[in-house]
Amino acid sequence: MSLTTIELLLILGSPVIVALALLIFPRRLRPVARWLAAGAAALSLAAMFALIPALYRGEVPAIALTWIPAAGIEFDLHIDWLTLPFAITEGAVTLLAIFYAWGSEADDSRSSYFYGLLLLFAVGMAGTTLADGMVLFYTFWELMLIASCALILAWGHTANGGRSLRAVTLKYFIFTHLGSLLVLVALVILYDATGTDRFSALRAGVSLAPAMTTTVIAFFLVGFCVKMAIFPLHLWLPDAHTVAPMPVTIMLAAAMLSMGAYGVLRFPLSIFTMADVQPFALPMMILGVFSEIYGALMALAERDIKRIIAYSSVSQMGYILFGIGTLTYHGLAGATLHVIYHAIVKALLFMIVGLIIHATGRRHIDELGGLARRMPVVAACALIGILAIAGAPPLCVFDSEWMIFAGGLETPYITLSVITAFGSLLTVVYALWFGSRIFLGQDPASVSDPVPFKLPLAMVAPMVLLAALAIIEGLFPAPLFDWVAHELPMLLGGNW
Amino acid sequence: MTSGDTGVMIPFLFLVGGAFVIYLVARLITSRNHWLALLTALIFAGALVSLLVLRRAPGVAVPMWGDAAPGGVVLRADAGAIFIGGIALGMGTCVAIYSGRYLRLDQRYKTYYPLLLLMITGLLGMVMTSDLFSLYMFCELMSVASYVLVAFRRRTDTSIEAGFKYLVMGSVGTITLLMGITLIYRETGVLTLPQPIIAPGMWARAGLACLWVGLGLKSAIVPLHTWQPDAYGRAPGSVSALFSGMLAPFYVLLKVSLALGFPARDLGLGLMLCGLANMLVGNGMALVQTHTKRLLAYSSIAQMGYGLFSVGVGLRHALPSAIQAGFFLLLAHAAMKGLAFLSKGVCNFYDHTTQVAELRGVFYRLPPVALTFGIAIMGLVGIPPLAGFAGKWFILTQVWQARDVWVYAGIVVFLLMLLLSLGYYLPMLALLFAPAPELPPMPVKISRWLLAPLLALAALVLWLGIAPGWWLQWAGEAAAALGVG
Amino acid sequence: MLTVWFAGLVLLPLLGGVTLLIAGRRLSPRVGRWIALSIAGWATVSAAVLMAFGEQVLPVQFTWLPGAGAITFTTAATGLRAAFATAAAAFFALLITPAYEAPTPASSALALLALAAANAAFLSAHFLGRYVALETVGVCIALVPLLARAGDVGARLARFVYLVLRVGDTGFLVAMLMLMHAADTLDITPALEAGATLSAPRLTWVILGFTLAVWVKIGAWPFGAWQQVGESCDFATHTWTYATVMPNLGLYLLYRITPLLAWQPALQTGILWLALGGMVLTTLLAWLRRDLRPALAYLSAAESGLALCLAAGGQKTLVATLLLVMTFLRLLFLWGGRAVLATESRPRARRLGAALIGLGGLGLTGFNGYFLWRLAQATVIPWPVWGALGVLVLLMGGRYGAAAIGGWAGRLAIPWEPTIPTQALALDRGLNGLAQGARAWLEVGLLERLMVWAPRGLIGLAEGAHTWFEVGVLERLVAAVPRVLIGGAARLQDVEENGLEGALHGTTDGAFAFSRWVQARHTGRLRVNLQWVLAALVLIVAMLVWQGW
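Protein chains in written order, with my numbering: chain V, 1 to 496; chain S, 497 to 981; chain X, 982 to 1530.
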């Protein structure tokens, strides 16, 4: 067993083992649950980074085990350039969310279960990116859903007058499952065409009737768009994000939504040729623009600060879908980079929201104001987060946005791309409104002598780290660009 | 002159002899539930082992026992019989152990265990026999035993009502079956199978129709399913669980129809349509149920529909792998639904819960039961890597090969029904783990008799999902024994 | 050598601005002002020195975004002159600031940062570098009201300014990316030249994008509202940060894109007419508003409109000249305006201010006349337009004159309350209304209702099917038959009541009673279920016959 194989196993293995340990021995491991969870996540992330040199050498680290030979189903894991950005995003977000959870979640009898389920959620996401077989992919896909549902159901908070946790989770599950079933049908069709469930068979080329090709691509796209929360399939997102506990919301918004984008890149865009996918370019771009503008408008209309950022996710996923839909080098590279940058900024914004709720106990934007004096560090990070999401250079999101716009302008649909570019102004609007309403102005609680809040370090440190990352990534984007550039040859025949 | 492989008779000896032995033991030696349960379980296990021993590789002659002369009865232990019988005997073992504690609720042990054994005897005879009349006899044996078992809690009104309704419907079914057999006999003059009817006249048609109605009623095919929710709903949990594993009427329906020479294509179409009806009715009705066992009963009707659909496609388009997938799903369903009923029974045993809403917070009172119930429900929903997902995956992949637009339409309905079923499975699942502030959550120590079958079935559900290879092969042998494609 | 002077132009103001920002309240405004003054002065000198070097590519370059190319800087003539003028304006603005209107260290810091970025923009030879620099200037300008006036109002003004400037920059971005696609590079000169190879629709968008950017930056109507925010700030900030730096950047951009306009005559004409219309409106408003402050703002907007007309006429050198002229004259106008209007100024200062406004107005009219004469020589503009422009120029000059006269007489000092520009309020309300409307109609109205109706519909269907099965149509159909039979039988029984029939009575009664007892328990369901059995049987037989087995 070579070193790369061990590292590959570690990516999934360490969170799985720790998660199972925490779920089977909850009481015994309670005192160390948070450390174990963080350690497992850190180990997983480190393993991912350790595999990068192997990727640069041109290897594709993989593990192949037979599972159900009678049905041609295999247990294959592998990591390649397409997997890497998504896997690292997921690993980093998980680690930071776990650190954040140290401060935000109470240490009670259910802590072990919480961290265990969090790790299983992370395993689901990591496994989705690492899986090299259809059934394994689908298994991890469902694991993501179940773990997040369990977390929302058991640790969620409902706002007054909001829907009950059960209703929200049911809606989330059924909606997402609808998308999963569409993906399942498409997978079944591909399995039928190749006779095996390995992705390597898919990469070698699939011959389907033209009508079937269109059906498969359409099913994949709709199914993954549900996961990406593209308008009008986004309805599960606002409630689910709002009631979930903050670490789970961070993982949902920053990592899980991107899994939909991964699915689109891994399946339709890797298996089929440009000619097959071309008819879907315009619909994807239109949906992307719609999502972008609609999400921004809804963010502007909402008054619960968590919901505002949740709708912001809908908007940002619109950018990503638009970028993918352009089917150009700039568009696809920009979309993948946007996945990473969006993860940084979205996690940052949600952490800020969590700190505000933690400190003031209030969530309604009309009840907040003038917090800059009482939480200066948070305010500074918020400034960076807001400028970043508004696409101000030289912060990170600008780096990916300009590539997405450039990609759009290379297609024949110039007007649509111009609308996208100007639609991004709505993001500026709600971002600035959000920041200035909360941190500037008068505090409605009108405390006579505003003393700075004491905030747990475990919650503040990841936030500051993310703000720093947003600046650093913005200024020095070259390494990430390089990773993403390697992924492009794997898509749509690779003639870029 | 009876001759042949006496090994075929051994399971019957176990079961029938065992029934008498249990009764005598209960009357004369001890009427303690534990001993009787243990003995019954051993009898079931012995029968199972002796049945599995009869398994032969494909191509080797199937063990038979009986009088091969015309008018004689022959029992054949072919792959299908071993499959169906094996499922029932396995379920029986679990249920027997479970009853070791569960029957505390109703203490007429000495009638209960023999009835279980006799019911399974009838079932085993049904699938093994190749003679129509003995088919009727065994069916009647199975049915009568089941009538009593359903109405076992005779002190409750609802039990009696359910039992009575089941009795009437079931008797109508067996009488119709008898009518059918009579009509076939009138047409052909022969009672042994296989006897393909070349030019069927009116009698043969009527006979086959009666056969279908009779066996269809027993298998709970829509619109003959209406007895099932009441029967399952009011029977003791252990009995409902055992019913989930009784797939014989359906298998016999297939076998007899094909043996009488009815074209597989047409049979397949009928089964497909019935399957769709089952899916629609089962899922649709289950949505509005508030009584847990009735909900599970309707869910069984729906899952039966999935199996019917797959088998139907396999017959219509000559795809033995689709039949195999259908059988595998029914096997998986037996395990999952059995697990669900047994788990529900434990909740009833300790907390006297009957409604779905009362399942709230089971995790805090009876943690292992919540976990097993959760595994069962997740399996029924189709979450990988549990048994249900494997079943649905195999069905989808095999049925897809039919390349027929009507089959595709059926798949769409299939998937929509899967989605619909989430509407009643998920709330149950959520309730299990929801906190129940009214009850002080003090975990109750669960009896080992109740827990062991739960764990065994849960492990089976996981096994079927993660490593279904061997089970799939077994289902494939059963499908091949039908002789299609 | 070049690098050193470049550092003086860009790096020194950057460092100075950061230092002032960090030092903040610890410095007195006087010290802050003098630091800013000296740095601005040094920047002016650096610009002048660089002009002596002629057009060269500076040895400062770096690659920021892979795929975008290296960001380079040149000392091209016009850009450098614009930088020189802007830096000089900063110096003089800080120099002639009245004592009672000294800028806070924060304002000075932002001004220095804006200066650094503006100089980088003027000298940049790469579109991406220019874009980042323009964005940075925009951020600095927007932050001024935030740091100057804490509280809600400052925040709203800052948001508004940033948003409007971003609108312009988005146009710039779109145009820049389309040129990048055509030229495969982001270096400005080759990219602009590659514009000639673009198809008509693409070229239209490029021109529109750049024009939008220019329009916003120079503050021509209707994008001038952002400049109003500066009126409530101190003199240096208003004059330089709000009224000079961004308009100069805009005019320089206009200078660069004037050749592109010529490639789309239809657009050229459109821009001409729009600019003219804006000029008419703003000049009228300047005359209608007695208050000098808004009048000066409108006159400045009118002048920007004139710049656009010059560009539409293809006169890029005139645009450059206008840049230099206005930079200087603006200082006069705004200083004069302050002197005339401020209640703190002494009578001598007021009269000086009025005189400056008058002289400046005269000079501007002269320059405007010269511009129009050159424009006429090019004979690109239709005569009526030229005539209208002439009238407008005279009207503008007249307004300056009127202001001068009024100011001399001391009639113009009115206490003035800074307000939020109506455009800002309208934009806020409009966007909010749009968002709330979309939410109420689409999200909550349509989509959520669909989500609620779908499961409700399904459950309704299920319940309906439930009822139908249990108390079904079939039952009603078939129930009629037994009812007739039983009724008939009861009749017969009534008639034949003796002996043997009595015994029969008993059994029949018993049977019926039992049946009724059972029925009472089953609410008729069993009967229905059995009916289904019969129905199924009949159906199957019929099917078998029809199918032909």
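It should be emphasised that the hints constitute simulated quantities derived from the structure, not laboratory data. No experiment lies behind these values; they were computed from the predicted model shown. No residue lacks a Cβ here, since even glycine has one placed at the ideal position from N, Cα and C. Each hint should be verified, as a subset may be incorrect.
Stated by the list, open to error - If you anchor each label on the Cβ, the simulated ranges turn out as follows:
#	chain 1	residue 1	chain 2	residue 2	range
1	S	Ser943	X	Ala1523	50 to 58 Å
2	V	Ala167	X	Arg1410	18 to 26 Å
3	X	Val1433	S	Val908	32 to 40 Å
4	V	Ala167	X	Gln1042	57 to 65 Å
5	S	Ser943	V	Asp108	49 to 57 Å
6	X	Gly1344	V	Phe453	51 to 59 Å
7	S	Pro759	V	Thr196	30 to 38 Å
8	V	Leu23	S	Pro759	30 to 38 Å
9	V	Asp108	S	Ala853	23 to 31 Å
10	X	Leu1442	S	Ser943	41 to 49 Å
11	X	Glu1429	V	Gly361	49 to 57 Å
12	V	Pro31	X	Pro1010	52 to 60 Å
Stated by the list, open to error - Which residues of chain S face chain V? A partial, calculated answer using Cβ under 7 Å:
#	residue
13	Pro692
14	Ile879
15	Trp896
16	Leu911
17	Met913
18	Leu918
To be verified - Computed far set for chain X versus chain S, every beta-carbon distance over 10 Å:
#	residue
19	Arg1007
20	Ala1407
21	Asp1409
22	Gly1418
23	Leu1439
24	Ala1443
25	Glu1444
26	Leu1507
27	Val1509
28	Trp1513
29	Leu1518
30	Ile1521
Quiz prompt | Numbers of unmet hints, in rising order | solution = 2, 3, 5, 8, 11, 13, 17, 23, 24, 25, 26, 27, 28, 29, 30
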